[in-house]
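S.K.: All chains should be modelled from the sequences, with the hints used to inform the complete structure.
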Amino acid sequence: MDLMIKIKSQMPVVIVLFSLGLFFLLPMGSAFEYSIRNGLEGGYSFKNYLWAIREEEFFYYAFRSFWLSSVTVVVTLVVLVPLLTWLHVTKSRAQGWIDGFSLLPLVIPVVAFAVGAQLALPDFVKNTVLELPFLYFILSLPYAYRALDIGLRAIPLKTLVEAARSSGANWRRTITVVIVPITRMAVLATVALTFALSLGEYTLTVLLHWDTFPTWVTFVAQENLLGAIAISMMTLIIPFLLLAAISLLAPSNKNER
Amino acid sequence: MPVVLQESVEANGGAPSKRGATIRPSLISIIPLLPFMMIFGFFFLYPIAALIYVSFLSNENTFTISNYVTAFSKPYNEGFWNSVKLGLLSAMVGAIPGAISAYFLEIKGSVKVRRVIAALNGVLANTGGVPLAFMFTAAFGIQGFITVFLKFIGIDLYANQFSLATFSGVLLVYTYFQLPLMIIVFSPAITALRREWREAANNLGASTRKYWQYVALPILFPSFLASFLLLFASGFSAYATVNALTVGNFPLTPLQIGGLLDGNVSATQVHLGKALGVVMIVISALAVVPYLLIQRRVARWTS
Numbered sequence: 001m002d003l004m005i006k007i008k009s010q011m012p013v014v015i016v017l018f019s020l021g022l023f024f025l026l027p028m029g030s031a032f033e034y035s036i037r038n039g040l041e042g043g044y045s046f047k048n049y050l051w052a053i054r055e056e057e058f059f060y061y062a063f064r065s066f067w068l069s070s071v072t073v074v075v076t077l078v079v080l081v082p083l084l085t086w087l088h089v090t091k092s093r094a095q096g097w098i099d100g101f102s103l104l105p106l107v108i109p110v111v112a113f114a115v116g117a118q119l120a121l122p123d124f125v126k127n128t129v130l131e132l133p134f135l136y137f138i139l140s141l142p143y144a145y146r147a148l149d150i151g152l153r154a155i156p157l158k159t160l161v162e163a164a165r166s167s168g169a170n171w172r173r174t175i176t177v178v179i180v181p182i183t184r185m186a187v188l189a190t191v192a193l194t195f196a197l198s199l200g201e202y203t204l205t206v207l208l209h210w211d212t213f214p215t216w217v218t219f220v221a222q223e224n225l226l227g228a229i230a231i232s233m234m235t236l237i238i239p240f241l242l243l244a245a246i247s248l249l250a251p252s253n254k255n256e257r
Numbered sequence: 001m002p003v004v005l006q007e008s009v010e011a012n013g014g015a016p017s018k019r020g021a022t023i024r025p026s027l028i029s030i031i032p033l034l035p036f037m038m039i040f041g042f043f044f045l046y047p048i049a050a051l052i053y054v055s056f057l058s059n060e061n062t063f064t065i066s067n068y069v070t071a072f073s074k075p076y077n078e079g080f081w082n083s084v085k086l087g088l089l090s091a092m093v094g095a096i097p098g099a100i101s102a103y104f105l106e107i108k109g110s111v112k113v114r115r116v117i118a119a120l121n122g123v124l125a126n127t128g129g130v131p132l133a134f135m136f137t138a139a140f141g142i143q144g145f146i147t148v149f150l151k152f153i154g155i156d157l158y159a160n161q162f163s164l165a166t167f168s169g170v171l172l173v174y175t176y177f178q179l180p181l182m183i184i185v186f187s188p189a190i191t192a193l194r195r196e197w198r199e200a201a202n203n204l205g206a207s208t209r210k211y212w213q214y215v216a217l218p219i220l221f222p223s224f225l226a227s228f229l230l231l232f233a234s235g236f237s238a239y240a241t242v243n244a245l246t247v248g249n250f251p252l253t254p255l256q257i258g259g260l261l262d263g264n265v266s267a268t269q270v271h272l273g274k275a276l277g278v279v280m281i282v283i284s285a286l287a288v289v290p291y292l293l294i295q296r297r298v299a300r301w302t303s
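Going down the list, the sequences are from chains A and B.
Going by my numbering, the first sequence runs without a break in its numbering and finishes at 257.
Going by my numbering, the second sequence runs without a break in its numbering and finishes at 303.
I should point out that these hints are in silico values taken from the structure, not numbers from a laboratory.
Glycine residues also receive a C-beta, built at the ideal position from the N, C-alpha and C atoms.
Watch out, some of these pointers could steer you wrong.
What the hints assert, rightly or not - Distance windows between CB atoms, simulated:
no.	chain 1	residue 1	chain 2	residue 2	range
1	B	Phe152	A	Ile237	22 to 28 Å
2	B	Pro218	A	Leu242	54 to 60 Å
3	B	Leu225	A	Met11	25 to 31 Å
4	B	Ser110	A	His209	23 to 29 Å
5	A	Leu22	B	Pro218	30 to 36 Å
6	B	Thr208	A	Val14	34 to 40 Å
M.R.: This is the structure we're talking about:
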């Protein structure tokens, strides 16, 4: 009897999961099946995947995207953590303004932003690939700012800062040894968000004529479509499996039902 | 200890040290603000301001609105119309199933199920773009599994010249980041629905239908509208997917701007692309600004 009630109450979830699964996994599975086909000989093999990872450029661009995203994460944390700590501790009147600023990138379509950046940034900036982490920082600002803000709101920040400061810690030490470890879940969320956004960013990168992993994939498609499909499958499936594994292993939050 | 020491020094100090104490903190305290304002100003505010300014310049750098006149005539007005239509339709197609899925997942789903779905949504909504386009090329290609399967059950996709590079094809692919995005942005609204409200309504004699009509839907509607607006903005300004899918020859404003920026398409007016960009910003702002205002309102009274 209990079992029947349980099944009945779980019915909507099962239906939702089944339809979502059909909707998401059918094209994904279909594309995967296509990507492991052997071509004219028939049968299946991973030769398209092997082809992709044997391409020298695969690791070149994967590495490039990786370090550009890492720089973006560093820029984001170095700029935002002290800024938000300061805003919360001093309860500065600037907070309203900065909150508003942080949301502005949501309003501007990335294509329009790319045109503006191409137009306005001086050549010495446009000539170095290091412009990308700063532009990625702007793109991820609405999300990163909010994620950190929520984390800092949840702790007695002022008390902690006063305690650390009166124990003789300077600001740098207060932030790295006290604030970041306490808000580590929010900091981790910010890192993951910023990193994922930078890693997958395509529009701005391609319009400013830079090559990173995502833009390389569209280039590959012109000579080997099956290879490009194989790479696309990897960039969808690997992050999903990683994220799912991490989120399943993470301790459950008290606020979650 | 150092704090106490500092205070006693300040308390005992005369006028000069007091002045020093007020000036020094205000100078030091602005330091955390500087890197942010410098980066934000230089990499964001300045390019956008320049974009708006230059969009009003003619080829000879005199003031003109002719860029905008061209932007609102053929073929660019078609681009805007298609982009707005695509934004609205893809938001509609994503919003309703997304809201229903979010409801059942949040209310009835276990923590593990919700986490796996959240991971899938995160990947599809944020890093989707280009990989999605190639995934669909494979799945719905002439020899794709779905095409073959549909043919087997009697539906010949290619009988009517089906192509992913058409309006309906692009719409189909957009659903794959719009629906996950809807689940991500709408779930917090569902979580904010308190169980007590339903119990209170039931205790006062409300039926399930009455509960939905007078309690749940009015509470959820502003968040639904806000999410819809965000989905519209995301569908309206998306570039990556459609660029990879159609090789850039589809009448959508983002692609037209991309073509002008690359120099693939030549225009007699050098600054036409900037005017198109400004119009895009205005349309996007019409959706995103109400979205932000509603979100703020909702956050104020649900917390």
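S.K.: I want to verify a distance hint. Is the separation of the beta carbons of Leu225/B and Met11/A within 25 to 31 Å?
M.R.: 29 Å, holds
S.K.: Could you tell me whether the CB distance from Leu22/A to Pro218/B stays inside 30 to 36 Å?
M.R.: Holds: the Cβ-Cβ distance is about 32 Å, inside 30 to 36 Å.
S.K.: With respect to the beta-carbon atoms only, verify the hint that Thr208/B and Val14/A lie 34 to 40 Å apart.
M.R.: Violated, at about 20 Å.
S.K.: Is 54 to 60 Å right for how far apart the beta carbons of Pro218/B and Leu242/A are?
M.R.: 40 Å, violated
S.K.: Do the beta carbons of Ser110/B and His209/A sit within 23 to 29 Å of each other?
M.R.: 47 Å, violated
S.K.: Do the beta carbons of Phe152/B and Ile237/A sit within 22 to 28 Å of each other?
M.R.: 26 Å, holds
Hints 2, 4, 6 from the list above are not met by this structure, while the remaining hints are.
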